[in-house]
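Peer 1: With these hints in hand, go ahead and build the complete structure from the sequences.
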Amino acid sequence: MGNLEKILGLLIIWLVLSFDSLMLINSFSWWISLLMFWSFWFIFKQKKKYFWIFLLGLVILNLIINDLLFLRLDKPFILFDWEQSIWNYPGVTKSIERYRYEGLFLPFHLRNLFYSAYLKFSLWLINFSKLLSPYFWIKAIGFSGGWLMFLGLADFFKDKNRDLGILVWFLLILATSSWRMIGSSEKFIFLTLPVVFYWIYRGFKVNKYKLLLAGLLIFDLLL
Amino acid sequence: MKNRFWLWVIIITLIGGVFRMVGLDKNPIHLGNDEISIAYDSYSVRITGMDEHRKKLPLSFISHRDYKAPLYAYFNIPFNYIFGNNEYGVRFLSAITGTLAIFLIALIGKELAGEKIGIMSAILLALDPKSVFVSRAAYESNLASVILLLGIYLMFLYKRKRRVLELILAGLFFGLSIWAYHTEKGLVPLILVVGWWCWKKEVKFTNWLPMWLTTGLVSLPIFYDFVTVQMRDPFNRASSQIWFKTAGVQNYWLNGSDFWIKKLAKILAEPIYNYGQHFGLDFLFTNGMDLFPKNEPFNFGWFLLVTAPFLFFGLLNLKKVFKEKGNFVLLWWLLCPLVPALTGSPASVRNLPFIMPTILIMAVGMKIILEKSKKFFWLLILLGLVNFIYFGIAYYVHFPKITGDNYQYGYKQAFEEVKPLVADYKWVVIEPRFGEFGQYVGLPRLYFGYWGAFDAWEMINRIDTSDKIGKYWVKNIDWNQEDINKETIYIASVSNPTVNDSIEKLDLWKTIYKPDGKGQFLIYIPKE
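Line order of the protein sequences matches chains W and V.
If you want our numbering, it's the 1-based position in the first sequence plus 64.
If you want our numbering, it's the 1-based position in the second sequence plus 1021.
Derived by calculation from the structure, the hints in this document are not laboratory data.
All of these numbers come straight from a predicted model, not from anything done at the bench.
Ideal Cβ placement from N, Cα and C applies to all residues, glycine included.
Heads up, some of the hints might be wrong.
DEER-style ranges, computed between Cβ atoms [as the list claims (entries may be wrong)]: (1) K1047(V) with N225(W): 30 to 40 Å; (2) G1269(V) with I124(W): 39 to 49 Å; (3) G1459(V) with G155(W): 17 to 27 Å.
Peer 2: Take a look at the structure:
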C-alpha cells in the first residue's frame, strides 16, 4: 500500500469516526482528549510491565467521563454515584424485594438464594452485551466504520502476534461503562476510540472491496 | 446407539413438552389480544362455518383489520372441539407444535451431522426460553415456523434420497407455512432460492421443479387473497406494519426538517438497523425476550446466556461439521430476520424461524466444546441448567404477576362473576377500555363470546356494526349521560368509577383485580 493510499485511508477513517465520536472531543475537557490521544500512542509503545497501571488509570478516567466517579485533587474528595450505577439504582433493589415477596411459596433459604443483590449483575450483563453488539457499533461509527472495524477485528484475531492488551483495553472500558444504568452511548465508548481507530485502520489495510466501502461511506455521509 | 438416540430424543421431547403444555390455563395469565381473535374465529368457524365478520371459510381472518393468516384457526378446530372454549382450546395447538419441533430439530440435526448433533439440538430447543414462551400462547408464527422446519427437513431428506415424494411433501409444507403466517410469504421463496443455489452442482435446476410447483400451487390462494385484500382495504393493519408506513417514519418524511436525501437515507437505514438488532448479543442472550420492563434484573434473551459460547464456536466450525450443508444453514440463519426487519417492530414473534438455524449452529458449537474440553462442556451444561431454572422462576412465577394489561386480564374473571346474575337483568354493559388510566382498548365482545356469554350464531346475527349481542352491550360508559335503570349491570374500567347520580343508583358489587393487586374492572349492579 502506497503512502498516498495510506493518507487517503487515514482521511477516510477520520471522516468515518468524525460523524459522532470525534465530534465528542469538543464536548470533553481538553485534558481528557489529550489523554485519549496519548493512550493511542500507548498502543504501540506500551511496556507490558506497567500496562495494568495504565488500564487502572483508564478505568478511573472512564468512570469520571461517565459521571460515576467524582474526584477533586485540590481538596481531596472522592465520590461514587451509586444511585446511577447498577449497584444501587433506585427501583432495582425494590424489584428484587418484590420478587422475593412474590416467591413466598419458596422456603426461606431458597428465596435467599434466588433473590439476592447479585441479581443486579444481570443488569450489567444486559448493558455489556448491548455495548458488544454489532448494531450498536454500526450506529456509533456508521456502516463504513462498522465494516472496517469488522474486517480489522477479523484480521486482528487471525494475527498470531496480536496484542491481547488492546482487546483487554476495549473490553475493560465497555465493562466499566456498563456499570452505569442510563447514560450516553458516546460517553460509554469514548475511551475505546483509540482501539476502534486501530482496528478500523487494520480493516482499511485488508479491505478488498473498495467500491463497497465507498458506497457505505457515501451512505454514512448522507445519514 | 440407534435405539438410544430415539430413546433420548423421546425423553427430551417429553421434558420439553412438559414445559410447554403444563398449566396453559394459568400462564400466560389470560388470553391475549391476538389469541382471543384466533380462538373466537376458530370456534365460530367450527360452529357456523363463518368468522366473526360473517366471512365463510376465509383465506385470511379480518380480525382487527390485520387479516390473520388462516391456518392456525383451521388447524385449531379439532382442539377447540376436544377441549372446548378455554385456554387449552386455543393454546394446545401451539404447545403441541412447539413440542414436535424438538423432535423435528433432532431429526434435522441427525440428518446434517449425526446423532450427537441431533440430541444436542433437541436439548437446546427443549430448554430454549423463546421457544417455551411462544409455544405456550396461540401464536400463528410458532405453527408456521415448525411447518417451515418440516419443509426444510424434507428438503434435506431429498438431497440424500433423491425421491420426488420428499420434494413434493417439502413443497406442500413450504406452501402450508405460507398459510400459517405472513413472515413466511417472504421467507419461503428466499429459502427455496438458497436451497437451489447451495446445491446447484449436485442437484439440477429442473429437479427442484416439483417442489417449487407444489409450493406455488399450495400458496397461490393465499397470495391471491393477499393481493385482493390490498386492493379492497389498502389501509389494513398488516400493510401498515411495513417500516416506511409506520407513523413515526411517515411523520419524519412529511414533517422532518432534514433535506430529502438525508431523510431517504435515514428511512432506508432503518431496516438495516432492525436487521442488525437480531444479531445483537443483548437480543440473543440477555434481554431480547422483553419479559419484564426495562431495568428489571430478571430478563432473558431468545437463548440462554450460557449458550453464547456454543453459538460462537458453532459459527467458527459450521462448515467443518455440516460440510456442504453448512452454507445452507448459515444462509438460512442470515435470511430469517430479513422479512421481520422490514416491519416496524422487528424483535417480536415475527422472527421465530430464526430460532431453528440458531439452535443447529449452537449444537455444532456444543459438539466442538465437548470434543475439546469435557470439563468446560460439563461446566457449561451445569450453568445452563441453573440458567434455565432462573428462566423458569422468572417466567412461571413472576411473569404472570406483571402482565395483566398485556393479556387484557379481567374479562374472563368479570364474565365469571356476572354469569350467575345475568338471568335477572336485561343488559350487561361492558366497557372496552381497561388499564389503570383506561389507556387500552380491549375486545370484550370476543372474550365474552368465547367464554359463553352468547353463542356464535348470536354474534353472526347481530345487527350490523352494533356491539349489542344477546344481553351484552359493549360501549364506552359516560356516567353523566347514562340512563341508569334497574335492568342493567355495568362492567366499567377501574379508571371510570361512578360519579354524581350514578353513585346513588349503583352499588359496587365486585372489583376485578389484576395479579399484581391493582384493580382492572368495577362491576356495578343497581341498588335495591
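Peer 1: Hint by hint, note whether the structure agrees.
Peer 2: Here's how the hints hold up against the structure:
Distance hint check for K1047(V) and N225(W): the Cβ-Cβ separation is about 59 Å, which falls outside the suggested range of 30 to 40 Å. Between G1269(V) and I124(W), the C-beta spacing of about 40 Å keeps the proposed range 39 to 49 Å intact. Under the hint 17 to 27 Å, the C-beta atoms of G1459(V) and G155(W), about 25 Å apart, fit the expected range.
In this structure, the one hint that does not hold is number 1.
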